[in-house]
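Input sequences plus hints: build the corresponding full structure.
Our numbering numbers the first residue of the sequence shown as 54 and each following residue consecutively.
Source of the hints: derived by calculation from the structure; they are not laboratory data. Since we're looking at a predicted model, the values are computed, not measured. Among the hints, erroneous ones may be present.
[Claimed, not checked] In silico BS3-like cross-links for lysine-lysine, where the CA-CA straight-line distance does not exceed 25 Å:
#1 K102 x K63
#2 K112 x K84
#3 K125 x K112
#4 K63 x K74
[To be verified] Cβ-Cβ distance ranges computed for the label pairs, FRET-style:
#5 L55 x S85: 34 to 42 Å
#6 D56 x S85: 16 to 24 Å
#7 Y124 x H86: 30 to 38 Å
#8 L90 x K63: 17 to 25 Å
#9 A104 x L77: 13 to 21 Å
#10 A61 x L109: 15 to 23 Å
#11 L60 x L90: 21 to 29 Å
#12 T57 x D81: 36 to 44 Å
For every residue, glycine included, the Cβ atom is placed at its ideal position computed from N, Cα and C.
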Amino acid sequence: MLDTFFLAFKIVPINEEIAIKGGLYRRDYGKSHGVGLADALIAATAEVKQAHLVTLNQKHFPMLDTVIVPYKKQ
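Written out as structure tokens, the structure is:
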């Protein structure tokens, strides 16, 4: 059942462009917004691949203005 769920997703390898952009995001937003390396690489991947980024953790993605927040926590 879990295997079927993961078939809906595509694995995107981190290439040089994503790595550089992710490193720059980490440098620029790490201290000010608490952006860690993983979030920086996720943001860079979304931007490079022109993919939608859907998350409830919008504060860790200030570098993107296309973040989709699917619902608000109450």
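Do the hints match the structure? See the list:
1. For the given pair, K102 sits about 12 Å from K63 by alpha-carbon distance, which is consistent with the 25 Å threshold.
2. A hinted pair counts as satisfied when its Cα atoms are at most 25 Å apart, and K112 with K84 qualifies at roughly 13 Å.
3. Between K125 and K112 the alpha-carbon distance is near 13 Å, which keeps this suggested pair within the 25 Å criterion.
4. Between the alpha carbons of K63 and K74 the distance comes to roughly 20 Å, so the proposed pair stays at or under 25 Å and holds.
5. For the pair L55 and S85, the supplied restraint of 34 to 42 Å holds, since their beta-carbon distance comes to about 37 Å.
6. Checked against the given bound of 16 to 24 Å, the beta carbons of D56 and S85, roughly 40 Å apart, lie outside it.
7. Separated by about 22 Å at the C-beta atoms, Y124 and H86 break the suggested range of 30 to 38 Å.
8. Between L90 and K63 the C-beta distance comes to about 21 Å, which sits within the given range of 17 to 25 Å.
9. Under the hint 13 to 21 Å, the C-beta atoms of A104 and L77, about 18 Å apart, fit the expected range.
10. About 19 Å separates the C-beta atoms of A61 and L109, a value consistent with the hinted range of 15 to 23 Å.
11. Distance hint for L60 and L90: a CB-CB separation of about 27 Å, consistent with the stated range 21 to 29 Å.
12. Evaluation of the 36 to 44 Å hint for T57 and D81 yields a pass: the beta carbon distance comes to about 39 Å.
The structure is inconsistent with the numbered hints 6, 7, although it conforms to all the rest.
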